[in-house]
Amino acid sequence: MTDLSKIRNFSIIAHIDHGKSTLADRLIQRTGGLTDREMSAQVLDNMDIEKERGITIKAQTVRLDYTARDGQSYILNLMDTPGHVDFAYEVSRSLAACEGALLVVDAAQGVEAQTLANVYQSIEHDHEIVPVINKIDLPAAEPEKVKAEIEDIIGLPADEAVLASAKSGIGIDEILEAIVTKIPPPKGDRDAPLKAMLVDSWYDPYLGVVILIRVIDGVIKKGQNIKFMQAGTQHLVDRVGAFRPKIENLPELGPGEVGFITAQIKEIAQTRVGDTITDVKKPAAQALEGFKEVQPVVFCGLFPVDANDFEKLRESISKLRLNDASFSFEMESSAALGFGFRCGFLGLLHLEIIQERLTREYDLDLITTAPSVVYRLHLRHTKDEAAKTIELHNPADMPDPNRIESIEEPWIEATIYVPDEYLGPILKLCQDRRGIQKNLTYVAGRAQLTYELPLNEVVFDFYDRLKSISRGYASFDYHQIGHREGDLVKMNILVNAEPVDALSMIVHRSQAEARGRHMCERLKDLIPRHLFKIPIQAAIGGKVIARETIAALRKDVTAKCYGGDATRKRKLLEKQKEGKKRMREYGSVSIPQEAFIAALRMGDES
Amino acid sequence: MLKQVQHDGGGLEDALALYIHWPFCVSKCPYCDFNSHVREAVDQAQWREALLVDMAHEAALLPERRLTSIFFGGGTPSLMPPATVAALLEAAERHWGLAPDIEITLEANPSSVEAARFADLAAAGVNRVSLGLQSLDNQALRFLGRAHDVEEGLGALDTAQKHFSRVSFDLIYALPEQDEAAWEAELARALSFGTGHMSLYQLTIEPGTRFAALFAKGELAPKDADEAAGFYELTQAMTGAAGLPAYETSNHARPGEESRHNLTYWRYGTYAGIGPGAHGRRGGLATQRHRKPENWLSALARNGHGLQEEAPLAPTDQAMEALLMGLRLREGVDLDRIAALVGKGVADIVDLAAAGRLERAELIRRDGERLAVTPRGMILLDAILAEVVRA
Ligand SMILES: Nc1nc2c(ncn2[C@@H]2O[C@H](COP(=O)(O)OP(=O)(O)O)[C@@H](O)[C@H]2O)c(=O)[nH]1
Ligand SMILES: [Mg+2]
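For the protein sequence lines, the chains are A and B, in the order given. Under the working numbering, the final residue of the first sequence carries the number 606; numbering is consecutive throughout. Under the working numbering, the final residue of the second sequence carries the number 1391; numbering is consecutive throughout.
Please note: incorrect hints may appear among the correct ones.
[Unchecked claim] Computed from the model, here is a short list of chain B residues facing chain A with C-beta under 10 Å: (1) Val1026; (2) Cys1029; (3) Gly1073; (4) Gln1202; (5) Glu1206; (6) Thr1209; (7) Asp1226; (8) Leu1234; (9) Trp1266; (10) Tyr1271; (11) Gly1280; (12) Gly1283; (13) Gly1284; (14) Arg1357; (15) Met1378; (16) Asp1382.
It should be emphasised that the hints constitute simulated quantities derived from the structure, not laboratory data. Every value quoted in this text rests on a predicted model; they were computed, and no experiment measured them. Ideal Cβ placement from N, Cα and C applies to all residues, glycine included.
Okay, chain A solo, but in the shape it has when bound (with noise of 0.2 Å):
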């Protein structure tokens, strides 16, 4: 075990792109933790879809060994946490894990939302903030004005800031002697029961479930019993180490390290991020604080568009499931749509991620019908039925109307940090999603917006709004504040006065009509022109609130058709044929299924 002065645990803060990860690599690289030749890009992003999206989805962690300018060796455990707002409890652990964080922020950008958030939370952790300005060798790097924002926005002083350039290796060394002088040791006492936090875990298709841990007191070690505190359950460790970021045995983990632990376990599902580990004879007296079971927020139906791969997008799902607890699925039929699966996120880029992996590593190909909150629904008691209130996931799911007393849905509040110039327009759009507005303050040139919104505002096409509004510069980060009561209904679409249950959505009675206005105008561009008029509407009940109409095809046909073109003529017609099979049927309409796809798309409204 290490001497508990010579640990430093430490977390890593910044806006997206600002540099953690490449900062992380020069670390590793610095300390020696892997040659050169094997320092692959950015090492510790290691699934594709965080390589190229550059968002971290899973905790990371690397030990490393550094010899400080005081001439003593010590271990550096840098936990790399998810970026993103739909991983905030994960961050928060990972958070719960340091002792303190080193705050990077780009010179040339300065200070974003996400950086404030997570800053916040690192500092309610009591952690000693680094801060560190990256990328001052860009041109367009303004260390002072950053060092002043840091201030006067932040709170944080600023004057011993690092200056660095993770790219070209500058402030490495200085950014390593802070962590050591600046970040305090973890405490713990050795002798007392085992108390460890479930930081992370994932599959490892040859170690089994692998479980990041990080040992607040006692001792953990191979062949002992451990038992989950929250999770009930016992098991036997068989491998205890760290990651260098290779990984290594260690005969043991004491009081404030960081690694890992496998124990035979099957599946993700039995751990669960912030649970509390500790000896099955020797129990710890309380479990750690702060544990919450993490619920998807965000759901939507995922479907094959080739109603055959239906059991390869089980297969495929439940696999993918194998390494991440956070999401649900169950079976779900539509009319429209065939068989598939209603899925639950933690938000709308977990939503992404998951549909992105499934298409690129299972080479499927899917429908995503419109994604929707979870509902609070109040029920009237009936004949035979006491009152009752339900979750509703899926609004082909709502009740007859008039059963229901009133109807909850999720809201948030939201942080968003702005350019002035884009102010107006952002507050627009949150004025028209519902928007109740907190907090405006100025800073620099920039303004923090706080705005209560409910969530399912967000979830339709919010964020990409948000990014186009403002050229992509503002920034935006949220969290849950609970359930609160809404004027909400169940809105239709009709093709060809027939209801099609995969368009179907919950909405506010005061956005109905542009909703509906604007689905019934996608659809009339997606689907193709028929022998008859199609007419399209949208409808609460029996009352159409918007509508229009395709107009019949007027000319198909093909000018020359001799001897020869039979059999041409019949292939083109056997091919339409099977195009048609890729259409669903409504009565005598065909929908193409890139009709369902691009008009429950979101972030295309104009």
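Assemble the complex: chain A is given as a structure, and chain B with the ligands must be docked to it using the hints.
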């Protein structure tokens, strides 16, 4: 009835048509996707011999039938030496015998050089020409990549009308720059020439043509379906009023002046096809010759015929072909006969529910065993076929 039809070669009528493909052109037109090739020199003796051998092969497989029509298509068959045409017609007579009223058509380019051969072609036995006039507007002719101008074209038409009792010509309309008024004037002029037959095609962009490449680059904007519909309707009204109504989607004739040869295709009769790329239908078999002239020649030398493929057509494929060809005709199809030909029930070959819907929409008409697309429906034929044809 069924027996007799099969004995006759598996078609729907007793006609027997012979198609002869001459694949050479002086240059390739930007809209044309036919099997045409530009060659510096053509060994005329070799080609005559080769076509004769290819014909003999088909004749041996279709014995005891008399030809009811012969069609020289291309390419540009008006570039064939009249002696070759004469030799082929003599051979056809020897192999099969010719029906007394046989129709012998040759596609001709309306140039003065070719018009000079009309007399010899008529003497060889050709009794009908189809002239590729394409337009009565010089600018449009240039756009279409044609070598002749209006004056030369009309001169050729004049010559043709002197030498052949039956003359047809082609026009292409709904060109990008054309408006309805211009087409109306052009068509009125065309109708005044007094031919008994006209093929009027809307410009379509065919894959593999130069127009397709221009279209892909955004340098050619064909009329959209709504605009084109107006042109089509205008065409129907004018030709109808002039006594040359459409008997097929794009073909117009004075009653009795229809192309018998093409009717054999559309009525799904028996046709032999010889020469590069020619297709045929005989006895439930689909035949296709090698498309490239050189490949066809070497196949002939090797095998004694130019066939690239001869494949039996599944009954459903035959039904599909009979329907998609036959429904191009104003007269429509005889569903009972098609069903009998392929040994299926009517309900197996057409979607009766869809047919009912379309009939209520007055896009098709059913009359006993006959099914026909209405004049109003003809402009939507492809969409109708997709609904009504079972496969
Ligand atoms: N010029 C410059 N670019 C940097 C520096 N650090 C990172 N970058 C670039 O900024 C982009 C985002 O960096 P990354 O480490 O992925 O950021 P993350 O999203 O915070 O992990 C990448 O293109 C990096 O190469 C730096 O110090 N100077
Ligand atoms: Mg990164």
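Each hint, compared with the structure:
| no. | hint | in the structure |
| --- | --- | --- |
| 1 | Val1026 | violated (21 Å) |
| 2 | Cys1029 | violated (13 Å) |
| 3 | Gly1073 | holds (8 Å) |
| 4 | Gln1202 | holds (5 Å) |
| 5 | Glu1206 | holds (9 Å) |
| 6 | Thr1209 | violated (13 Å) |
| 7 | Asp1226 | holds (5 Å) |
| 8 | Leu1234 | violated (13 Å) |
| 9 | Trp1266 | holds (8 Å) |
| 10 | Tyr1271 | holds (6 Å) |
| 11 | Gly1280 | holds (8 Å) |
| 12 | Gly1283 | violated (15 Å) |
| 13 | Gly1284 | violated (13 Å) |
| 14 | Arg1357 | holds (7 Å) |
| 15 | Met1378 | holds (7 Å) |
| 16 | Asp1382 | holds (5 Å) |
The structure fails to meet hints 1, 2, 6, 8, 12, 13 from the earlier list, while all remaining hints are met.
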